[in-house]
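Asks: Sequence:
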Amino acid sequence: MNTTKLLAFSLALLLGASAATAADSKIYTGTFFDEKNSYYGPDCEKDGSQSTGAYYTGDYTSPFKTILGKTDKDIQDKMDELWNHYFGGQNDKTVYYEDRDGGYIVDINNNDIRSEGMSYGMMIAVQTNHKDEFKKLWNWAKSHLWHDPARGGNGYFSWQANRDGSTRDQGNAPDGEIYFMMSLLFAAHRWDDEGYMKDAQTILKACWKGNGGSLYSERDFIATFQPTDGNNTWGDASYSLPAFVDLFSRWSDTNKDKWQKATKATRDHIYNSANPKSGLCSDYSNFDGTPHYAFSDNSTKYAFDAIRCPMNYGMDSYLFGVDMQRQTKIAKVITDFFEKDNYQHGHFNWDGTNGYGAFTIGQAGANAVATYALLEENDYKDLVKKVLQKAWDSKPIVGSQRYYDGLVHYLAMLHLTGNFKIWKPKPQVEKKTITANEYNGVKYEKDTTFHAFESCKLYELTVKPEPQKDTTVKDTTVKDTSSAIHTTMRISSLVKVRATNHSVVIENAPAGARFAVTDLNGRVLATSKINSATQEIRIDNKGVMLVVVGDRAYKVMK
Numbered sequence: 001m002n003t004t005k006l007l008a009f010s011l012a013l014l015l016g017a018s019a020a021t022a023a024d025s026k027i028y029t030g031t032f033f034d035e036k037n038s039y040y041g042p043d044c045e046k047d048g049s050q051s052t053g054a055y056y057t058g059d060y061t062s063p064f065k066t067i068l069g070k071t072d073k074d075i076q077d078k079m080d081e082l083w084n085h086y087f088g089g090q091n092d093k094t095v096y097y098e099d100r101d102g103g104y105i106v107d108i109n110n111n112d113i114r115s116e117g118m119s120y121g122m123m124i125a126v127q128t129n130h131k132d133e134f135k136k137l138w139n140w141a142k143s144h145l146w147h148d149p150a151r152g153g154n155g156y157f158s159w160q161a162n163r164d165g166s167t168r169d170q171g172n173a174p175d176g177e178i179y180f181m182m183s184l185l186f187a188a189h190r191w192d193d194e195g196y197m198k199d200a201q202t203i204l205k206a207c208w209k210g211n212g213g214s215l216y217s218e219r220d221f222i223a224t225f226q227p228t229d230g231n232n233t234w235g236d237a238s239y240s241l242p243a244f245v246d247l248f249s250r251w252s253d254t255n256k257d258k259w260q261k262a263t264k265a266t267r268d269h270i271y272n273s274a275n276p277k278s279g280l281c282s283d284y285s286n287f288d289g290t291p292h293y294a295f296s297d298n299s300t301k302y303a304f305d306a307i308r309c310p311m312n313y314g315m316d317s318y319l320f321g322v323d324m325q326r327q328t329k330i331a332k333v334i335t336d337f338f339e340k341d342n343y344q345h346g347h348f349n350w351d352g353t354n355g356y357g358a359f360t361i362g363q364a365g366a367n368a369v370a371t372y373a374l375l376e377e378n379d380y381k382d383l384v385k386k387v388l389q390k391a392w393d394s395k396p397i398v399g400s401q402r403y404y405d406g407l408v409h410y411l412a413m414l415h416l417t418g419n420f421k422i423w424k425p426k427p428q429v430e431k432k433t434i435t436a437n438e439y440n441g442v443k444y445e446k447d448t449t450f451h452a453f454e455s456c457k458l459y460e461l462t463v464k465p466e467p468q469k470d471t472t473v474k475d476t477t478v479k480d481t482s483s484a485i486h487t488t489m490r491i492s493s494l495v496k497v498r499a500t501n502h503s504v505v506i507e508n509a510p511a512g513a514r515f516a517v518t519d520l521n522g523r524v525l526a527t528s529k530i531n532s533a534t535q536e537i538r539i540d541n542k543g544v545m546l547v548v549v550g551d552r553a554y555k556v557m558k
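Take 1 as the starting number for the sequence shown in the numbering used here and just add one per residue.
These are calculated hints, taken from the structure and not from any lab test. We treat Cβ as the ideally placed atom computed from N, Cα and C, and that holds for glycine. Don't take each hint at face value.
Stated by the list, open to error - Straight-line C-alpha distance at most 27 Å; calculated BS3-like pairs for lysine-lysine:
hint, residue 1, residue 2
1, Lys395, Lys131
2, Lys258, Lys46
3, Lys264, Lys329
4, Lys332, Lys426
5, Lys261, Lys329
6, Lys542, Lys457
7, Lys542, Lys73
8, Lys258, Lys209
9, Lys432, Lys65
10, Lys381, Lys70
11, Lys385, Lys332
12, Lys261, Lys542
13, Lys457, Lys73
14, Lys340, Lys329
15, Lys78, Lys457
16, Lys446, Lys464
17, Lys381, Lys135
18, Lys555, Lys457
19, Lys432, Lys332
20, Lys36, Lys78
21, Lys555, Lys46
22, Lys432, Lys386
Unchecked claim - Label pairs and their calculated CB-CB ranges:
hint, residue 1, residue 2, range
23, Gly543, Arg219, 27 to 35 Å
24, Gly195, Gln344, 24 to 32 Å
25, Ala150, Lys329, 15 to 23 Å
26, Asn139, Ile537, 32 to 40 Å
27, Gly212, Phe33, 21 to 29 Å
28, Gln344, Tyr97, 33 to 41 Å
29, Ile537, Asp148, 56 to 64 Å
30, Asp47, Asp192, 23 to 31 Å
31, Val398, Asp341, 21 to 29 Å
32, Gly210, Thr31, 24 to 32 Å
33, Ala150, Lys443, 52 to 60 Å
34, Asp101, Asp47, 21 to 29 Å
With the sequences and hints as input, model every part of the structure.
Replies: Below is the structure:
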């Protein structure tokens, strides 16, 4: 859009005219590769659309930085502390051990190895770039837990083994398979490893067998408690990991249609499993989300498995952001519930009654991840800060109980520190040079090269500033309406416009400047003057909108 048309359009909007025009697509710039050139940056859907999550934006900014004021050094020190504690080999701290077959994670209290812990260890290793430990964990899991289809197995993993590698229970627990598949896909992309990709695709294919042996219900498309008769008609809400299933639907070579159905069903299940009064899930659940009794009274309570549910939908809210209304709703309920309980108890009935046991660091971490869904909720700012502080202040566990709560807290801290990333296939990068003094709201005084994601393409962009021109105004007489706006309403490039769940926010605009918000049909949704450095305009409409501030137009999506 040229300057003359932009200025005329701005005036038309401010005067209430019903005209519409196109605005530039959202542009993302930043660091989207690690030191080995592995990619975690922005992406689009096939139709060019985007949502607000990190999958689309490449933005993994930590709320510990933006809300608690922690520095990069603070965060790295915290990450080093956790790795050295749980993987450092100290007898009263570590859960990671090695033998001739590789590495394994021990449930210290039960003195066994579980597919859950092995897959957690692999996820931690790939996200923290510990390539050797990842390889050792996977070698051990393949040797002692995996029923490899190439050797006549069903593609699943024994959920429990002894420390000598012998099997204690050949049945599987789907949270293990889900984390194994996700960590292998990330490792294949991050470390460019075809072997990990092949293994991931083998497990993904094995999940759908067209019968009751499928990991996910062939009717309801929700993860079963176990793909065996009597256990495949109900599930476990903490096995519902919508962000992971969404990625399976994109990256699996097989059964894409089923993974797509499972993505929706999984988001529905985690939402339906949250009690409307307490926000709590039960350890075991029917496919409609209600508690399911099996094996013990804990099955219908918020006891052990269920503490992971807030982490599951919290990560989905910041990684994808496509189900924010529902996830914000249940995040509010569970956050309010634990605040009212004063963080005294760790176990409850599904409705929140009869609290018992102590609140743990695993719960502190998982609940904090749920606050990703509350970051735009002004009424929750103080409470979100309190919950984040509890997760940050939690100390790694020493002693026999360090396995489960310790690793759940560790996973949560990866999310909360911005160290849990969606490692993607390497994209094509085009080189592009533009001559301009400003790009995407940033001014440049010398040649600068960086990555930019624009119109769903990734560029290695070089910005070359234009030679300085004489900007002396010799005639201030207003020649026409466009010049009037150009002269009196020129807006700084520091102005930022963004959308939240319920509002459009204009930052850094000068007081008194006129603004207008319209839909793409030119219908004016709001218009007024700027009266604060952060102007929040309540807008209930959803979709793409144009925001005009003075002589600048912006495109945002709610």
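Asks: Taking the hints in turn, state whether each one holds.
Replies: These are the hints, each one checked on the structure:
no. : hint                           : in the structure
1   : Lys395 with Lys131             : holds (26 Å)
2   : Lys258 with Lys46              : holds (18 Å)
3   : Lys264 with Lys329             : holds (18 Å)
4   : Lys332 with Lys426             : violated (37 Å)
5   : Lys261 with Lys329             : holds (23 Å)
6   : Lys542 with Lys457             : holds (25 Å)
7   : Lys542 with Lys73              : violated (39 Å)
8   : Lys258 with Lys209             : holds (11 Å)
9   : Lys432 with Lys65              : violated (33 Å)
10  : Lys381 with Lys70              : holds (17 Å)
11  : Lys385 with Lys332             : holds (14 Å)
12  : Lys261 with Lys542             : holds (24 Å)
13  : Lys457 with Lys73              : violated (33 Å)
14  : Lys340 with Lys329             : holds (17 Å)
15  : Lys78 with Lys457              : violated (35 Å)
16  : Lys446 with Lys464             : holds (7 Å)
17  : Lys381 with Lys135             : violated (41 Å)
18  : Lys555 with Lys457             : holds (18 Å)
19  : Lys432 with Lys332             : violated (45 Å)
20  : Lys36 with Lys78               : holds (23 Å)
21  : Lys555 with Lys46              : holds (20 Å)
22  : Lys432 with Lys386             : violated (45 Å)
23  : Gly543 with Arg219: 27 to 35 Å : holds (34 Å)
24  : Gly195 with Gln344: 24 to 32 Å : violated (48 Å)
25  : Ala150 with Lys329: 15 to 23 Å : violated (45 Å)
26  : Asn139 with Ile537: 32 to 40 Å : violated (56 Å)
27  : Gly212 with Phe33: 21 to 29 Å  : violated (44 Å)
28  : Gln344 with Tyr97: 33 to 41 Å  : holds (35 Å)
29  : Ile537 with Asp148: 56 to 64 Å : holds (57 Å)
30  : Asp47 with Asp192: 23 to 31 Å  : holds (29 Å)
31  : Val398 with Asp341: 21 to 29 Å : holds (26 Å)
32  : Gly210 with Thr31: 24 to 32 Å  : violated (44 Å)
33  : Ala150 with Lys443: 52 to 60 Å : holds (58 Å)
34  : Asp101 with Asp47: 21 to 29 Å  : violated (47 Å)
Checked against the numbered hints above, the structure breaks hints 4, 7, 9, 13, 15, 17, 19, 22, 24, 25, 26, 27, 32, 34 and satisfies the rest.
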